[in-house]
Amino acid sequence: EAGVVQSPRYKIIEKKQPVAFWCNPISGHNTLYWYRQNLGQGPELLIRYENEEAVDDSQLPKDRFSAERLKGVDSTLKIQPAELGDSAVYLCASSSHRGREYEQFFGPGTRLTVL
Amino acid sequence: AQSVTQPDIHITVSEGASLELRCNYSYGATPYLFWYVQSPGQGLQLLLKYFSGDTLVQGIKGFEAEFKRSQSSFNLRKPSVHWSDAAEYFCAVGVLSGNTPLVFGKGTRLSVIA
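First to last, the sequence lines map onto chains S and L.
Under my numbering, residues 46 to 160 are what the first sequence spells out, in order.
Under my numbering, residues 987 to 1100 are what the second sequence spells out, in order.
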């Protein structure tokens, strides 16, 4: 079974430029998460999708961040314009209910450096 | 709201020595608890999880963790550390409703010396 796929793995941009990250979750997983991991910190949720609906985006800085999950499968996270403080690792995860237990599977992440 | 505290930012152990990484959580109901490991440049890999039942859970790579409700703790242990265990370890808590985002601690970096 293929895991969560993310691209690109690394991205270096100058501030004020736009950037986009792509995530392909595990097949059949209806829940998709985007987390941001700052250096020396644990991941923090940006947005959660149930199928194509964003059900938790309270931590997403909506003035510059946007996300979409068309057809309830792949997802794209965009930043426009990027700021120096956006430098971080952006992790995508997916999960599916199995009775009352669940597990989130994480992709390798995209490491963003804003210069 | 739930929260996780990992008191140790960095731990160094000798190869072959035992290991215990501490994790304390705050949550009003029964939590789901997880330990993940992250090697440099890699994503998060699940080591083990606790949902219910036996409070001592076994995971991959020889790790185990014990849920202690009275202490709000879920410490990770390994009897004999290998050099390949050097990585960042994250404790996380989830809620009963499932498919909700995990709340992570800040992580503990493990270094292994010969």
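Rather than coming from a laboratory, the hints here were simulated on the basis of the structure.
Where a beta carbon is used, it is the ideal one built from N, C-alpha and C, also for glycine.
The reader is advised that the hints may include incorrect statements.
For each label pair, taking beta carbons as the anchor points, the in silico distance ranges come out as [unchecked claim]:
1. S/P63 <-> L/S1066: 41 to 51 Å
2. S/G130 <-> L/S1097: 44 to 54 Å
3. S/P63 <-> L/G1027: 18 to 28 Å
4. S/E148 <-> L/Q1057: 41 to 51 Å
Here's how the hints hold up against the structure:
Range check, S/P63 to L/S1066: Cβ separation about 49 Å, and the 41 to 51 Å hint holds. Checking the proposed 44 to 54 Å range against S/G130 and L/S1097 shows it is violated: the Cβ atoms sit about 29 Å from each other. With their beta carbons about 24 Å apart, S/P63 and L/G1027 fall inside the hinted range of 18 to 28 Å. Hint check: S/E148 to L/Q1057, Cβ distance near 25 Å, so the stated range 41 to 51 Å is violated.
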